[in-house]
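Visitor: Read off the chains here:
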Amino acid sequence: MRDKALLISGGRLIDPSQGLDGAFDVLVKGGKVSWVGVGKPPVEDSARGETPETVFPAGGMVVCPGFIDLHCHLREPGFEEKETIATGTRAAARGGFTTICCMPNTQPALDSRATVEFVLRRAAAEGAVRVLPIGCITRGRQGQELAEMAELAEAGVVGFSDDGRPVEDSRLLRHALEYSLSFGLPIIEHCEDLALSKGGAMNEGVIALRLGIPAMPAAAEDNIVARDIGLAELTGARLHIAHVSTRGAVELVRRAKEKGLKVTAEVTPHHLSLTEERVLGNEGGPSIHAYDTLAKVNPPLRTRQDVEALIEGLKDGTIDAVATDHAPHTQADKQVEFESAEFGISGLETALGSLMTLVHSGQLELGELISRLTTGPARIIGREGLGSLRPGNPADIVIFDPEAEWVVEPEKFASKGKNTPLAGAVLKGKVLATLVGGQFAYREGSGKLP
Amino acid sequence: MSVTEQERRVVETPIAPPVWRHRHILDVDDFSREEIGLVFVTADAMKDILAREIKKVPTLRGKSLVTLFYEPSTRTRASFELAGKYLSADVVNVSASGSSVEKGESLLDTIHTLEALGAEVIIMRHPQSGAPYLAARNSKCSIVNAGDGWHAHPTQSLLDMYTIREKLGKLEGLRVAIVGDILHSRVARSNMWGLATMGAQVVVCGPPTLLPESFSRAFPVTVERSLERAVAGAHVVMALRLQKERQEKGLLPRIREYVSHYQINRERLAMAEPEALLMHPGPVNEGVEVSSELTRGVQSVIDTQVTNGVAVRMALLYLILGGRRPVARSEDSARPPGPDSSGFRSGEPAEGGRSQ
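Quick note, the sequences are listed as chains A and B, same order.
Reading the first sequence from the start, the letters are residues 1 to 450 in the numbering used here.
Reading the second sequence from the start, the letters are residues 1001 to 1356 in the numbering used here.
Pulled out of the complex, with its shape left as it was, chain A reads as follows:
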């Protein structure tokens, strides 16, 4: 069956890859972007009068390339009670993400061709959006010996990471960086000095002191960021710093970039918007709501000063991408004592609304935000065809209302992970439709999900 053409009309198109921000229409045909412009699409590209294209009226809305998430946890295989590829990709579609990179800390870990191919097969069969796996750096994420990185690259991974933990052995990490030079794929590091952070369950500071919670200092992150940058300089390889959360780490990445090193970085929506005080509960101060495990995440929520430095880094390009670090967990994983609770926030479905707070408050331009969700991450994984609405590219498109307010209701998430500290919050900025390859992966109010 031949797809009908779709004209997305009357919206504000923002495509940083082409430097576009204005009243442009987009014509989608055959799963690809066929035309972007003003007025009537050229005749040869329209449906020649006989089968007029479907029109999506996008007045008052923003139309932009689908978002790319460099960092999420789909939990399959191994932890299907937390999330599956089917549910995680639907959550992504609802959040406006058309491509997501899943981390390899599954069970078994994605350290072999077989496991990577399993994920790709599952995603092709059941996924609502594109899934690009990230492979392990070390076998079984054990930090002992390198995973078969060449085989993983052939299987289709877009980067390597032992996410959840760093490669502790500096020599082994050096070799991983060197070895990665043959494929040009980034080594993605979770930067945490495990000796310093040992036993820690939140940021070290005044709140942890008050609550008596063992804490991890910002220096635990900064130390490993500094070490890794040193190794990137030594090897000339590509290093990507996952979920930067401290002012110190932002400054280290900034200096590395000034030196011309191949270092990139990402930041999460929660580190851009929440602070350690959220562990006290929604009300702050002494209350029964303290020790809120929904605010337990690694790296931990930091201080106001860190948040400001992260926003500044995102704005000046020190930080290339926003990545969700979507980490779904069951209620049983979170309804326990604070130190026993799992780390992580279910973030795909709240990302845009949460990030739009920065735009509405004037801290970030809308175009800057979109570039960090599209061209920024696309460049890091070397898929510039994604994250761009240049004619000929796949029609991965998100349409959102920047002014629409909505209440976060986790029980309505597509994700199995209802674990968000934003439950009940009012966010301004709502995804209305997400297209992957020209097909609706999500459309607001369409009832049942595709």
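Because the hints were derived from the structure by calculation, they are not lab data.
Note that the Cβ used here is the ideal one computed from N, Cα and C, for glycine as well.
Treat the hints with care, as some may be off.
Going by beta-carbon spacing under 7 Å, a handful of chain A positions derived as facing chain B [what the hints assert, rightly or not]: (1) Val-206; (2) Tyr-291; (3) Glu-337; (4) Phe-338; (5) Gly-424.
If you want the ones that stay clear, here's a sample from chain A, every Cβ over 10 Å from chain B, calculated [as the list claims (entries may be wrong)]: (6) Trp-35; (7) Pro-108; (8) Arg-122; (9) Leu-211; (10) Val-408.
Once you have looked at the hints, place chain B on chain A.
Guide: Same frame as chain A, now just chain B:
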């Protein structure tokens, strides 16, 4: 240091009639000065009961209390158990070892089981900070925190303050030096809040690994590194227990070095006010935090703390179970002990706490 009856009344009479609003006792950081004062006057009445030959009143007859201890404890658990029994409540003790906890039952499952068994109050001690908050959010029972991780030990703080008030007649304007492993101490944390609320000036002292400088930003206290300066002019010197594992974890070079710099001994205690109180939440490592000669010395009130603990816990159990009931309904099971049956002096504290 006796206190005249008039002074005593000034201390005891709440400025404004307080209304008891705590269903749970999680920490003292949300207690007002009036509420702490109410605990004190209620404990005074309980102390009178304890002085009697038959120290038992029917006040909490028909109420069920469970002590749920995930950490070993002698004095706190026994103190709560006796407090409940002197008030005629049924008390059951559950400890993590030998219970379903060892079979992997979660805290909330355990709480719900105890609730289903009919417990009205769960008194819990847990090695993780905040565990009682989780329980309180998810239970219909009253949760009493008998110590959670490094975070809080509200009943210890209240009995410490009660003991100071009893011995010195007041808390306001006193200088209290807390010495030792502040970082890992739930007793210190609760006392910092409680004492500050009551108008005392708190100085904390210890080595930087056990007392980060940022404590002065997190709590209403002054951080002092020199023990001599911390103790100078203090009305109360409180030493904390030092766990041997602090040395193993590299926080201290040697216990011996700690002793030479931070032990409360005769010379150091002499720098405090004459007749200053020496306190310790126990159990004491003899010869470590406090020199052996002082532990049982004239200035030591360590045993009084333990005795007062029972009265203060009786007061708290009474307040959370009976104290909230309206006067008109006080004839039934939660009957406040009247002068004839219990030794409460007339007019207080039962009514004082509830309806005035």
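Visitor: Give a verdict on every hint.
Guide: A quick look at each hint next to the structure:
Nearest Cβ of chain B to the Cβ of A/Val-206: about 4 Å, under the 7 Å cut. The hint holds. Restraint check, A/Tyr-291 versus chain B: the minimum CB separation of about 3 Å is within 7 Å; hint holds. Interface hint at A/Glu-337: satisfied, since its Cβ lies 4 Å from the closest Cβ of chain B, which is below the 7 Å cut-off. Look at A/Phe-338: its Cβ gets to within about 5 Å of chain B, closer than 7 Å, so that hint holds up.
At a threshold of 7 Å, the smallest CB-CB gap from A/Gly-424 to chain B is about 15 Å, leaving the interface hint violated. At the 10 Å boundary, the C-beta of A/Trp-35 stays outside the reach of chain B, the nearest C-beta of that chain being 56 Å off. With a cut of 10 Å on Cβ distances, A/Pro-108 stays outside the contact zone with chain B, its closest approach being about 25 Å. The Cβ of A/Arg-122 lies farther than 10 Å from every Cβ of chain B, with a closest approach of about 31 Å, so its non-interface assignment holds.
Against chain B, the non-interface label of A/Leu-211 is violated: not every CB pair exceeds 10 Å, the least being about 6 Å. No beta-carbon of chain B comes within 10 Å of the beta-carbon of A/Val-408; the shortest separation is about 20 Å.
Hint compliance for this structure: hints 5 and 9 are broken, all remaining hints hold.
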